[in-house]
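Put the two chains together into one complex, using the hints given.
In order, the protein sequences belong to chains D and Z.
Residue numbers 209 to 550, in the numbering used here, belong to the letters of the first sequence in order.
Residue numbers 88 to 361, in the numbering used here, belong to the letters of the second sequence in order.
Calculated from the structure, these hints are not laboratory results.
Nothing false has been slipped in among the hints.
Cross-link-like lysine-lysine pairs, in silico, DSSO-like; alpha carbons within 30 Å at most:
1. Lys155(Z) <-> Lys110(Z)
2. Lys110(Z) <-> Lys319(Z)
3. Lys97(Z) <-> Lys155(Z)
4. Lys337(D) <-> Lys137(Z)
5. Lys97(Z) <-> Lys110(Z)
6. Lys269(Z) <-> Lys537(D)
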Amino acid sequence: MATFTSPTPIWKRASSGILYRPEFSVFIGLALVYVFFLVFSSPAYHSQGGTSTWLDPGAELGIVAIPVALLMIAGEFDLSVGSILAGSSMFLALWVGHWHYNTWIGIVLSLGIGALTGLVNGLLVTRTKLPSFIVTLGTQLVLTGVTLGGSTLLTGSSSIDMTASHSAQVVFASNWHQFNISILWWLAIAAIGHHVLVNTRTGNWITAIGGDIETASRAGVQTSRVRIGLFVATGLGAALVGIIQSIEYNGSQAANGQTYVFNAIIASVIGGVLLTGGFGTILGVVLGALTYQVATQGIYFTGWDTDWSQALIGGLLLVAVIANNWFRKAAISRGVKKGERA
Amino acid sequence: MNEIASLELKDVSKSFVGVNALKGVSLRVFPGQVLCLLGDNGAGKSTLIKVLSGVHQPTSGELWVNGKQHSFSGPHEALEAGIATVHQTGGTVPLMSVGRNFFLGEEPTKGRGVFRRYDRRTAEELALRELRALGITNVTDGGALVGGMSGGERQALSIARAMYFGAKVLILDEPTAALGVKEASKVLHLIVQAQMRGVAVVFITHNVQHALLVGDHFAVLIRGSKADEWAKGERTREQVLDLMAGGEAMGDLEEELRVIRGGGSLPTTREEVN
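Excised from the complex, chain Z in its bound form (with noise of 0.2 Å):
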């Protein structure tokens, strides 16, 4: 491709006191695109957001974002380039308006000087305006508390607020984890939505079936490693899971879950507690 990536990791390692959390991992994601990182716990995937999302400091390997090398000293200035990262908790003060979260840290004011006051009209309307945008049609009062609201609606906020402020990567982390079915359909929609407007969005998850219905591009990480990478339709399902599984075909599981329950297949089981 000759597009430049938005984000690109080449073989980066981080290693903490004795343990190497990330060995050689290269990545890249385009603008308009879901890249969906797929691992299981402990995989490394906590890691390699904080490494994206300037949280740490690689060990070895570089770090590209448009075309330049960079090297981020903070959360602040992986910000400043562009890079939005949305957790799975948090990302909202559950006690403050959405109005006031949506423009933590970037407040609109009017006034001059001694008179420079927060503006809550304006941070009320505009919250209230991007939601809608992103299709979150239930919240009409941008001075309620967000701890009213749903995940999936908290989700949004912190989508609707990094795309405000212009995002050009979207980093989510586990955004449908903690969620209910409408709900993490709900997000699902804001993952496409971000796509359309030509973000670059990092879709980590170890949902298979959400990773599967957004996703472009995929890579799974095993031990830190990256196991193995697709582009979307050059895996089937049962593949995926059974390399997030981590090598171990799922038939195996359903074997031994077999043995467990006594030797005898699940039509006699059922059977037998009649």
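Same shape as in the complex, but just chain D (with noise of 0.2 Å):
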């Protein structure tokens, strides 16, 4: 190809392309906040139990945020992912410990929770054309009061006890020393996310809307239906974390979830994903919410006042939010002769 008639030797190329790639720069982030506590917390950070206490809420955050994010990249916002996750766990929590059925269709039927949730969702925003951000926090409201009422009314209760089936807790609830199984889900997760953004036509597509709808649309890609499936997996996501902690803290509380709500876009952000959407990636959403457990259960092992955790998250954001601003310039400004390789 052209680009190799370039008489820059090959390293060069290869570093700065490294450079230039927006994960880079979260990865550098993550470094810094991790190398900060290495210094100023208690050395039982850094050991496996330490550590499992940021990795296994980085999982669970890190599954609602890839979804969140591939939709971010399409130019639309998701501000149901609390209530889904609450809504779901409290079915499955009701369905097994309250009505004792079988806990494999009792997660069948949560991740129908999600799925349909993100479907109103997703009809909602592309039939009627309102920001996604007041549709979803409109569900989001009607799903928790839902979720709330609905326990109460049934069981007298906002808080419920279930035990899950031997064969669900493997699958959900598994840890091997602290470290919960949900890692792998969302390992799996994020390889799939990365796989349909980068080598599939609808993650081109996904990426085309969220920079231009008009283009896109003219192109003939299917707007709508994109969008629809990308509320639908968001949905998923939620509820699948949901069942997770359901399985694993034996019960669950109609308050769960809430936190996930900006966390979510929060993590995407610091992740390189810009919030006006068309640009992003997943390894960059994974290192973001890890950026982020990083430096909110840091706080805990410093011995400081965990007030100013909030403080650090601010921070951190709005650092990722000027960065990501300036990789996008550069990455534009580098011009005709190098660009992504995405």
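In structure tokens:
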């Protein structure tokens, strides 16, 4: 190809390519945050147990954040993931713990709640053409209310205990030392997400829709269908974490999951996804979720007042947004001769 | 002419609530011909483009493509009939590569079933080949982001793409409006190249100079109606300018401006400044 006519030695081009990849800055950010806590937190944070305190929640956040990031790349938000997580988690606890039905059927139905909510979100957004921010905020509140009211109505409590079948526990709550199986789920979902975004036609459409929906539509891309599919995916991702948590903690509380509403978006943005859509990588989002959890959990091991963790996350977010903006400009201004190698 | 028109409008009107945007417009364009559609802002050019590209359906009148009557329910159907529209802005996604932009919606793939994947190498090589065939040699990496290309190069990408996917009719909506002189001349080259390949080109512009350079046939829209139509060489530049200004002679404008400047002639004004 024409690129190889360049006289630049290959090692030089390769390294500059890595430097310009958006994940590179995310990785540097993660390394800096980690080193920061290496210095300031107790050695326990860097033991196996300490590592699991950020890796396990990092995985759960990551499972939600990957489809959320894909949706953001397509230019839409999903703020309903928190209530989908709570709703599916509560439903499974109700199904297994209160009604004593089969765990696996309950799992399928819980995933169905996620998919259905995603479908409703997708249809509402694409049909009404209203901003997804406000539409999914609406479904978030509706589903939160239904979960809370429904569980209180049926069981008299907003907290339900359950014990999943053994096979379900193996699949969703196995542990290796303190590391949870959710890490494997997360890696598998990340691999699928990366493949879809980079290697499939759908991935091309997702990026194009977020970059310029008019152009995508004129090129014949089914913009509504792609976005509805992504809303269903975010619903499924949130429902999966709801299921994992119910089985892992042997029960569910209606207030679960609310932190995911913005955390998934924060992890995506720290991971290099443009808030305005049209650009982002799954590897970046994986690193973004880890950065978020290393920073929030690390505070607990420093002996400092944990109130400071929010300030740290806020600072990280601001740095990430500025860095993303810079990287986007740099990627464009590198111009015609060099470019992305995605 | 016995030849069949690539695209023909017969007495097409389009009205929106309370507004008649197009009033009985008839136009035709033949293979290898450049039809220049001139008109001031608000003359109905955008509405006409939207009717041609299937975005709007005409309120009355007929639309014929290659001798067959058509009724488009959306841009996709117009595209299938071989009518490609390249817009002044957009048409490309800045944060996507040349290859990904070129094949957007028509991505080449390799492998089967679960292993079917986007063929990046083929996409980038073909995109570069097509750009080079149109004389765009500055772009050497199919993986480069389109956002780094100039406005003219982006237009070229859209035009190359439309021709690659077999457009018989190319509708260019003000392709030179946002461009500098050099870039605009690049696009004019592209128009002639498309024409030489037998594509029927509808060139929408308000730049009379650009139109006269490449056009074979001309039509002027004024307030939704076709005010005049002529073949190359039948009107002078001044006549065209007067027509576009809505019939008011440019000479009148010159006179009015002179009055504003204080009634004196131009050289006197200059002396006063000195």
